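Chemist: Take a look at the letters that make up each chain.
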Amino acid sequence: MAYSDKVLDHYENPRNVGTLDKNDPHVGTGMVGAPACGDVMKLQIKVNDSGIIEDAKFKTYGCGSAIASSSLVTEWLKGKSLDEAAQIKNSAIAEELALPPVKIHCSVLAEDAIKAAVADLKAKQTDKEVA
Amino acid sequence: MTVKTPIYLDYSATTPVDARVAEKMIPYLTEHFGNPASRSHSFGWVAEKAVENAREEVAKLVNADPREIIWTSGATESNNLAIKGAAHFYSGKGKHIITVQTEHKAVIDPVRELERLGFEATFLQPEPNGLLDLEKFKAAIRPDTVLASVMLVNNEIGVIQDIEAIGNLCREHGIIFHVDSAQATGKVAIDLEKLPVDLMSFSAHKTYGPKGIGALYVRRKPRVRLEAQMHGGGHERGLRSGTLATHQIVGMGEAFRIAREEMELENARIRRLRDRLLSGLQDIEEVYVNGDLKQRVPHNLNISFNFVEGESLIMAVKDIAVSSGSACTSASLEPSYVLRALGRSDELAHSSIRFSIGRFTTEEDIDYTVALMKSKIGKLRELSPLWEMHLEGIDLSKVEWAAH
Amino acid sequence: MNGTDIYFDHNATTALDAGVLETMLPFMTQQHGNPTSRHSFGRHTRSAIERAREQVADAVNAHPSQVIFTSGGTETNNLAITGIASCYGVSQIVTSAIEHPCVHRPALAMKQRGWKHALLGVDQNGTVKTALLNTLLNTETSVVSVMLANNETGVIQPVTELAEIARRHGTTLHTDAVQALGKVRVDFAELNVHAMTLSSHKINGPQGAGALILDKRIDIQPIIHGGGQERGLRSGTENVAAIVGFGAACELIQARLSQQDAHIRPLREHLENGLNRLGAVVFGTSIERLPNTSFFAFNEIDGETLVMALDRKGFAVASGSACSSDSSEPSSVLLAMGVEPDLAKGAIRVSLGIDNSREQIDAFLAVLEQEITRLRQLTAIAV
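Protein chains in written order, with our numbering: chain A, 1 to 131; chain B, 132 to 535; chain C, 536 to 918.
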């Protein structure tokens with residue numbers, strides 16, 4: 001399968017690989033996919049007090065396109081508000097990485113991971129307010 | 132390191148033609164170009180003589196009579212001819228066939244084709260080590276069983292089936308026994324005078340011969356009959372028509388001669404390389420050897436790397452030419468059906484690599500491969516959330532994964 | 536064999552062209568990957584096969600996607616007849632009376648399995664009776680197979696017309712173009728057939744490669760299963776070197792067809808003038824033939840004996856076709872044309888190639904005259 005240069009770049013030099021403390025109230029964690037399907041993506045975001053994402057980390061079990069999709073979104077997420085982050089569409093990821101049709105699901109997975117991380121963070125913040 | 136990449140470790144897919152073989156072939160591509168079926172002139176006779184010499188070499192490697200060797204275009208055709216030819220010929224006695232789930236597609240697909248034509252087939256599941264349980268084979272035998280097909284050496288995991296024991300069971304029950312030996316020649320000794328085998332398929336290009344040529348052994352005593360699958364000029368005693376590619380036959384003969392003469396030394400050398408590869412890779416945590424390690428040719432090492440995804444693994448190891456346990460279809464990765472038959476999970480099947488070692492593999496190639504695998508597996512695991520969870524002591528089989 | 540041997544049996548097989556061998560050599564040695572493998576070794580051989588596919592398609596004005604590689608002409612004809620007829624269930628197969636055994640015998644094998652088989656006869660020139668096809672065809676006909684040029688007489692068959700008739704009846708026309716390729720222009724689109732057989736070793740390519748050119752709308756079942764190569768229609772690891780050579784040979788014949796024709800046609804005329812002088816009966820002369828083929832016989836001379844005598848003098852010719860030369864049956868093609876069995880039994884085929892010369896023809900005619908005289912004397916004594 002032919003990969004685009006951008007996919008290869010992210011695959012060879014993935015950005016923002018790592019793990020944030022998932023118990024930190026400023027950290028939202030999203031984990032999507034399943035090993036049996038061949039993709040598991042874990043995406044974490046950390047917001048500052050003004051609600052802007054100041055750090056993002058990922059780990060991905062999956063093909064080159066899945067790794068590149070998650071690596072790319074960690075770059076895009078930094079500096080965005082949670083609402084802006086939730087606006088990132090899979091089509092933009094697919095376009096940026098020139099994903100072939102059979103790999104579009106990787107970008108969908110990345111979008112789902114962002115949504116899951118944002119939801120996790122929002123849930124934590126709501127809990128905090130309630131408390 | 133001074134090794135030339137990519138390093139070829141895919142000898143089970145195909146082997147390079149040995150230079151000695153190529154040299155033998157060239158004259159039959161140039162001055163001796165006759166059609167071996169031309170009986171009216173010396174161009175034809177020279178070709179015919181070369182064909183018969185090659186037939187003798189092939190027969191010698193497996194201790195058969197040259198008259199028992201039929202040329203074909205390759206092991207796939209040999210398997211088709213043996214299975215369909217015998218099933219049809221003996222269909223009056225019964226229409227049940229026994230084979231194994233881990234056979235090559237060139238056996239499985241003809242059997243499936245026969246099923247469409249009204250035959251019944253039992254596909255036996257091997258044990259988790261890839262070997263067939265004889266009791267299960269015995270239990271599968273029915274009064275209407277006419278044919279059994281079991282490969283000698285498996286192409287993906289290299290395990291060696293107990294052909295002698297299976298053949299004896301077939302003899303007892305009057306079942307025609309076919310053995311696919313495409314992966315076996317030059318790797319294990321074959322003595323057809325002793326082995327209770329009726330039909331055996333061979334390939335040249337897995338044994339340092341050219342592509343496009345193979346052979347089928349058809350036992351004479353007791354005589355095994357076949358219905359021809361390719362009709363025409365009546366070549367090969369009517370069992371396989373078509374002009375014979377003289378240079379390719381000559382190449383197969385020479386390749387099998389070399390195999391006979393050098394097998395013992397070569398296997399010892401390859402075993403040392405395999406052991407070196409295995410011990411290097413076993414430094415990595417969570418690796419699993421697929422298939423029995425003892426009853427196996429030394430040329431094959433099939434290993435699953437846990438917590439690493441198959442396709443990214445293939446991308447990571449492009450400096451070595453290996454085969455992976457997942458066949459890439461256009462839309463998705465499909466795990467190897469052989470590893471699935473052994474009971475491996477999809478994830479482990481996906482993350483498997485078949486290293487196959489051959490005549491031109493060096494110690495440097497092996498060392499490079501071990502170093503590459505260590506570094507790439509390390510890198511991919513660093514990226515893997517599953518590896519992280521494993522290190523945290525989480526049992527992945529207990530995790531409820533979000534539906535996707 | 537010695538250095539003075541002269542090869543006049545180009546319809547049986549041809550010598551591999553030196554340039555073709557050049558292109559093959561890397562694939563016999565360094566470029567050894569299995570085309571199914573996804574690593575670079577495999578990708579190299581895969582792209583070489585696809586290049587050859589284009590060359591073969593180009594040579595016969597077909598699309599590369601219509602090319603299915605096989606191990607040779609025999610396999611291809613078996614695939615065409617068995618593969619198409621099987622798709623229709625029990626049905627009728629029509630073949631001409633002068634087909635090569637590798638068309639005729641698969642049809643007979645299908646007949647044994649319950650299919651029907653009808654023979655399309657030929658006239659005294661060896662041309663199939665076109666009008667007869669109309670009466671043979673019925674709604675049950677699945678495939679009609681008529682060769683483009685006969686291997687023994689070289690007579691060119693009215694395939695375009697036959698294809699037209701087959702299409703009108705909604706059936707499939709297959710043509711075995713093995714002998715025609717490289718000797719006359721072969722145009723798949725213009726012939727308007729559904730399927731066509733080609734072989735490499737008759738066109739100075741290597742043995743071990745052939746192709747079926749197939750209109751993709753035609754249903755066909757494989758005869759070799761397992762592995763799914765060639766879109767599932769022909770399983771088995773591709774014979775890369777032979778396929779590459781076949782492609783190169785196809786490119787070669789395109790480049791040299793007219794030049795070759797200009798060389799060979801006068802040679803045959805020269806030969807046949809000589810044969811007429813010696814009193815030979817030459818078959819199919821009043822009809823369009825391949826420019827290289829001459830099929831002839833002498834009354835009261837045993838062909839087998841003459842062929843052996845010619846071989847001792849260094850001339851390689853054929854009696855009937857190579858494949859059936861094991862048997863001393865008279866040529867079935869000549870019998871179908873209504874030639875007397877005694878005369879047919881003695882038939883000799885000379886098939887010329889680009890490497891033959893006028894001097895070789897002269898030498899051949901001289902030896903032939905001697906041998907005929909000698910054999911006639913022997914017969915006279917015997918009588």
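Honestly, I wouldn't trust all of these hints.
[Stated by the list, open to error] Derived, one-sided and incomplete: chain B residues facing chain C with beta-carbon distance under 7 Å:
1) PRO147
2) GLU208
3) ALA502
4) SER506
[As the list claims (entries may be wrong)] Think about it this way: if two alpha-carbon atoms lie no more than 20 Å apart in a straight line, the pair counts; the simulated DMTMM-like pairs of lysine to aspartate or glutamate are:
5) A:LYS22 - B:GLU523
6) B:LYS180 - C:ASP540
7) B:LYS505 - A:GLU12
8) A:LYS57 - B:GLU494
9) B:LYS449 - A:ASP24
10) B:LYS135 - B:GLU358
11) B:LYS236 - C:GLU557
12) B:LYS507 - A:GLU111
13) B:LYS155 - C:ASP846
14) B:LYS510 - A:ASP49
15) B:LYS180 - C:GLU765
16) B:LYS449 - A:GLU96
17) A:LYS22 - B:ASP293
18) C:LYS646 - B:GLU523
19) C:LYS848 - C:GLU904
The hints are simulated quantities; they were obtained by calculation from the structure and are not laboratory data. Quick caveat, the model's predicted, so the values are computed rather than measured. Using N, Cα and C, we set each Cβ at its ideal position, and we do this for glycine too.
Chemist: If any of the earlier hints don't hold here, list their numbers in rising order.
Modeler: 3, 4, 8, 9, 10, 11, 12, 13, 14, 15, 16, 17, 18
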